[in-house]
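Novice: Heads up: the protein sequence lines correspond to chains A, B, C and D, in order.
Start counting the first sequence at 2; every next residue gets the next number (our numbering).
Start counting the second sequence at 2; every next residue gets the next number (our numbering).
Start counting the third sequence at 2; every next residue gets the next number (our numbering).
Start counting the fourth sequence at 2; every next residue gets the next number (our numbering).
No wet-lab data here; the hints were simulated from the structure.
Careful, some of the hints might be misleading.
Claimed, not checked - Selected chain A positions facing chain C (Cβ under 10 angstroms, derived; list incomplete):
hint, residue
1, R85
2, H86
3, T116
4, S145
5, V146
6, R163
7, A254
8, A263
9, L265
10, L277
11, G292
12, G303
What the hints assert, rightly or not - Okay, the calculated beta carbon distance ranges per label pair:
hint, chain 1, residue 1, chain 2, residue 2, range
13, B, I128, A, Q150, 51 to 59 angstroms
14, B, P21, C, K242, 57 to 65 angstroms
15, A, S184, B, R295, 55 to 63 angstroms
16, B, G288, A, R113, 39 to 47 angstroms
17, C, K242, A, H140, 45 to 53 angstroms
18, B, G279, A, D130, 51 to 59 angstroms
19, A, R113, B, P21, 33 to 41 angstroms
20, D, A245, B, S145, 31 to 39 angstroms
21, B, E139, C, K242, 48 to 56 angstroms
Just so we're clear, the structure is a prediction, and the values are computed from it rather than from any experiment.
Note that beta-carbon positions come from the ideal geometry of N, C-alpha and C, so glycine has one too.
There are 4 protein chains.
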Amino acid sequence: MPITAEQQAQIDEERARSQPTRRAVAPGMEEHLYTAYPVLDHGFVRVIDYMGDDAAITQAARVSYGKGTKSVSNDEGLIRYLMRHWHSTPFEMCEIKLHVKLPVFVARQWIRHRTANVNEYSARYSILDREFYIPAPEHLAAQSVVNNQGRGELLEGAEAARVLDYLKADSARAYDHYEEMISDEGQAGLARELARMNLPANIYTQWYWKVDLHNLFHFLRLRADAHAQYEIRVYAEEICKLVADWVPFAYTAFEDYRLGGATLSDRALDCVRRMLAGEEVTQESSGMSKGEWREFRATLDGPAEA
Amino acid sequence: MPITAEQQAQIDEERARSQPTRRAVAPGMEEHLYTAYPVLDHGFVRVIDYMGDDAAITQAARVSYGKGTKSVSNDEGLIRYLMRHWHSTPFEMCEIKLHVKLPVFVARQWIRHRTANVNEYSARYSILDREFYIPAPEHLAAQSVVNNQGRGELLEGAEAARVLDYLKADSARAYDHYEEMISDEGQAGLARELARMNLPANIYTQWYWKVDLHNLFHFLRLRADAHAQYEIRVYAEEICKLVADWVPFAYTAFEDYRLGGATLSDRALDCVRRMLAGEEVTQESSGMSKGEWREFRATLDGPAEA
Amino acid sequence: MPITAEQQAQIDEERARSQPTRRAVAPGMEEHLYTAYPVLDHGFVRVIDYMGDDAAITQAARVSYGKGTKSVSNDEGLIRYLMRHWHSTPFEMCEIKLHVKLPVFVARQWIRHRTANVNEYSARYSILDREFYIPAPEHLAAQSVVNNQGRGELLEGAEAARVLDYLKADSARAYDHYEEMISDEGQAGLARELARMNLPANIYTQWYWKVDLHNLFHFLRLRADAHAQYEIRVYAEEICKLVADWVPFAYTAFEDYRLGGATLSDRALDCVRRMLAGEEVTQESSGMSKGEWREFRATLDGPAEA
Amino acid sequence: MPITAEQQAQIDEERARSQPTRRAVAPGMEEHLYTAYPVLDHGFVRVIDYMGDDAAITQAARVSYGKGTKSVSNDEGLIRYLMRHWHSTPFEMCEIKLHVKLPVFVARQWIRHRTANVNEYSARYSILDREFYIPAPEHLAAQSVVNNQGRGELLEGAEAARVLDYLKADSARAYDHYEEMISDEGQAGLARELARMNLPANIYTQWYWKVDLHNLFHFLRLRADAHAQYEIRVYAEEICKLVADWVPFAYTAFEDYRLGGATLSDRALDCVRRMLAGEEVTQESSGMSKGEWREFRATLDGPAEA
């Protein structure tokens, strides 16, 4: 369970409070505010604050004095135009602040997105909780044999059991020793900034993460992608749901132009033209490498049927 | 007058609207929202949106689940501690969005602060207004004879009059020609992206500018400084007033530790120690250059009496 | 002429100097170092320094200890793979520093690319040269009637002549007055930081601009694009030539995947699939707006024949 | 030993290579290039590439055409002026690329400095080495009783022995299980991206890290500080030595104005003035909190005698 009763009470108290504001309000997002949506076995994502809505995007693009008399349909059209033509600055005018609880090895991928603000729980100052990510059996996959950095078939039987045993036993023991080392009962107690080094990468940490909508979309495009590691993808997918309710026009445009779109190279466009003209194009005649051709064919074939 | 009646009506409409929100609300800032505060002869600053308040800074520093039971005095103490020890990330958790109207030569200084989001009024797409900054006589200063990039004595008499004449006549003529060139009455009409090149740097532009509180403080420290050019300093000073009402604890700490503080070098600290020990330290015995010593003395002497 | 004889002599002196280094050396770039390549009527681009080469990209991607035994063809394949899969960090491992002389209205577009380092010639401190961009007759275009922020047909006859007259006369007069105002002969002399406001946006400025290869590619994709304003596009095109000689593998991949490529939306990909399956797809049946459909058709049609 | 014989041979090969270049060359840095300087028990820092030297800083500040005729002493004076007045952009004109091997818990602090480029060894793609940081007995300290995030007295006797036993045994066991889990002998073999989660934070990782001199100084000011955690401070100190040989003027100015300097608040400056005027100022009459006063007194007292 990611949240204690006391934490839930604090969240409930926050949610119960309501005050008037003159600022832009996104009703879809107000519903989500502060609620901790579970991710993985002990993690969560919750929205702490947000700035702006769909109208704030077009308002900034127009540098306007008020909400103006432009119709909602104009807003949607302009947002689609801005997304299609890679205008990034209007989307930067919306901002979101999240509280995320996540395993350290996920945090290490996440933090590579540099254009964001972060305050992480300090293990120099505080004691980490005894919470470790243990994969569910249906996510315990083997190294992929076709992709050097992906997963392949599921592990089974004794092999799967042994992996789970190791993960559970090693993290439990590491935490026991962590507690013993920092204890100041009958001893000095090791500095926390040192003791934390004994903890494995599946321990949970948490942070406040603030980012503008343009950079969030960039994060989501990479991390909600099918090739992203499962353990970060589930966070991205949960955030996608929140963003869809916050800025529905922008999110729909993002889905169409980015998440569901694909960039074709000069060579690939040339192949499409030749194919539309009736030519039978092969990898050999395409000018592409084998890997590139395989990816191109996959794009043309589209998402597999269920 | 920086604002037309129509624009004022749009602003009034925005200000009249109020909606409930679960987010942190800064009452001091709500009062300012949307109002255009005049700066220079045609410029203004107005707050379009904000995220967070003083409590949001400590909440992020603590990575907390709720507002918690910590007292307000604890918040102030923690904020002062964070500011004193150069903890920047908690201050990044507040964000502000401004609409600013400003002369182009001021905009060119302002934009050098890169960690911010900007949407500027497009002179490729739209026609600029006939509004130029003409300095008031009391700001018409000569080149400084002691500081290579500053101002000295006020211009007087015929010299001042001639400067004002030039600035007014040249900008009026440049705008007349701009209008003539882009007009499509009886001619093709020059592209706006070309015609704008005829306009001088005292024409007004406008933009939406969004920045986090840490980077805003950095901007204010440099631009509200006595050495900043007057024409950008007045914007910084107006923004200081807004920030003081938005996050009073953080602003007071900023005033004490940054705006009113000074960084002493290793050599300067050594001099202070020797002086406190009773030694008579001179420029020669200080190890400092003449310029450095003059600045050090000015720091010790403090702000001049009125 | 963008360069004085004295400046040219300084450049020649720099070019004549050669020293041994253990660092990666890009022979193609060494040839270009310091040379000022003319752009527009008074501008230029010249390379002041660079870091890395094609091999530095793969070396960083592999976090290797040496240049290693990997073959050159492996380097090219890996670079293409990295580009295709949007791996940005290896390309950030190369850096370039340029000295650019450019009109102020171009500089104002350029500076919007924030992830770069800039030192601009200071008009608070120094006196600007009397050099203004006056478009050649073949670039004097009317406002586009189909694109709100582009150019259309060429201006002709009396209209073109009048535009050139205005641009020349207004900038000459503005500069005369600038000189008169700052002169300290027989008067105090207006502060430079004020006098500059009288100068139009076609005056030339100059700066040192340093950027990593990933962010340079982003700049080039937007600014070497056919929709970019001509006056910035010529700078981008000149830089493209330099980059092609610096990191030939990376540049070729950039040309294929970015400059010559196109991003198709989810809807557009769906249309391509239907068209390849033999269906006659129209704008109405495509689900796209008219503008989007026009752009999609243009992508499929490819670059126009000469 | 941080480096294998094969790696050392690659480094030696790199160092033996020398080519002519027209670029600025920093002789002091050429000496260090590629050499792996040991840090902690298995880590190192080595310079892979650099751009610029002291002259490049002043050249950019002046936007010059050549190295010019300015004397070296002018360069030093200008660099000190720029540092003293917080001019950051000229220092951004130098760049350095390092290869660093470091424990994961140090990497997690390090990466918080966002304005840098990073390529980290991928544990999704590759297998991590069996190398763990085990503190030397003289760095095995207790939690500080005065500073919530620092270290106090050294651990002794049985307590110290037990800590070392835990750290060694737990990391050895974790690595054994890591190897067993990813092995594909007689089993599928767990995906590397999952298996890595079993490894503790004292395992070593490595990355290429590229940063400009201004941001490097910011990093060094925070991480070479006495309050930084020892395990990152030793990296910062090693880098300080390299920078001192690369840009000696800039480094000396950095030492004087930043590393050895201190920022005094408005209140603190007021106290200094009163003390210089002969007043006996106490914490009560200073207007400072107890903690602030303690820090202020420590600044005035200066570094403790050996």
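Novice: Would the stated hint for A:R85 survive a check requiring a Cβ distance to chain C of less than 10 angstroms?
Specialist: It holds, given that the least Cβ distance between A:R85 and chain C is near 7 angstroms, below 10 angstroms.
Novice: Mind checking the CB of A:G292 against every CB in chain C and telling me if the closest is under 10 angstroms?
Specialist: holds (7 angstroms)
Novice: May I ask you to test the hint 33 to 41 angstroms on the CB atoms belonging to A:R113 and B:P21?
Specialist: Given a distance of about 38 angstroms, which is inside 33 to 41 angstroms, the answer is holds.
Novice: If you take the shortest Cβ to Cβ gap from A:A254 to chain C, is it below 10 angstroms?
Specialist: holds (9 angstroms)
Novice: Hint A:A263 vs chain C: min CB-CB distance below 10 angstroms?
Specialist: Holds: closest Cβ of chain C sits about 6 angstroms from A:A263, inside 10 angstroms.
Novice: Can you verify the interface hint for A:T116: is its Cβ closer than 10 angstroms to any Cβ in chain C?
Specialist: This hint holds: A:T116 lies near chain C, its Cβ roughly 9 angstroms from the closest one there, short of 10 angstroms.
Novice: Between B:G288 and A:R113, does the C-beta distance stay in 39 to 47 angstroms?
Specialist: holds (45 angstroms)
Novice: Taking 57 to 65 angstroms as the stated bounds, is the beta-carbon spacing between B:P21 and C:K242 within them?
Specialist: With a Cβ separation near 59 angstroms, B:P21 and C:K242 satisfy 57 to 65 angstroms, so the hint holds.
Novice: 45 to 53 angstroms was suggested as the range; check whether the CB atoms of C:K242 and A:H140 agree with it.
Specialist: 50 angstroms Cβ-Cβ, so the 45 to 53 angstroms window holds.
Novice: Can we keep the A:S145 interface hint, with Cβ of chain C closer than 10 angstroms?
Specialist: A:S145 check fails; min Cβ-Cβ to chain C is 15 angstroms, beyond 10 angstroms.
Novice: Go ahead and decide if the range 51 to 59 angstroms is satisfied by the Cβ distance of B:G279 to A:D130.
Specialist: holds (56 angstroms)
Novice: Is 48 to 56 angstroms respected by the C-beta to C-beta distance linking B:E139 and C:K242?
Specialist: holds (52 angstroms)
In summary, the structure is inconsistent with hints 4, 5, 6 from the numbered list given earlier, while agreeing with the others.
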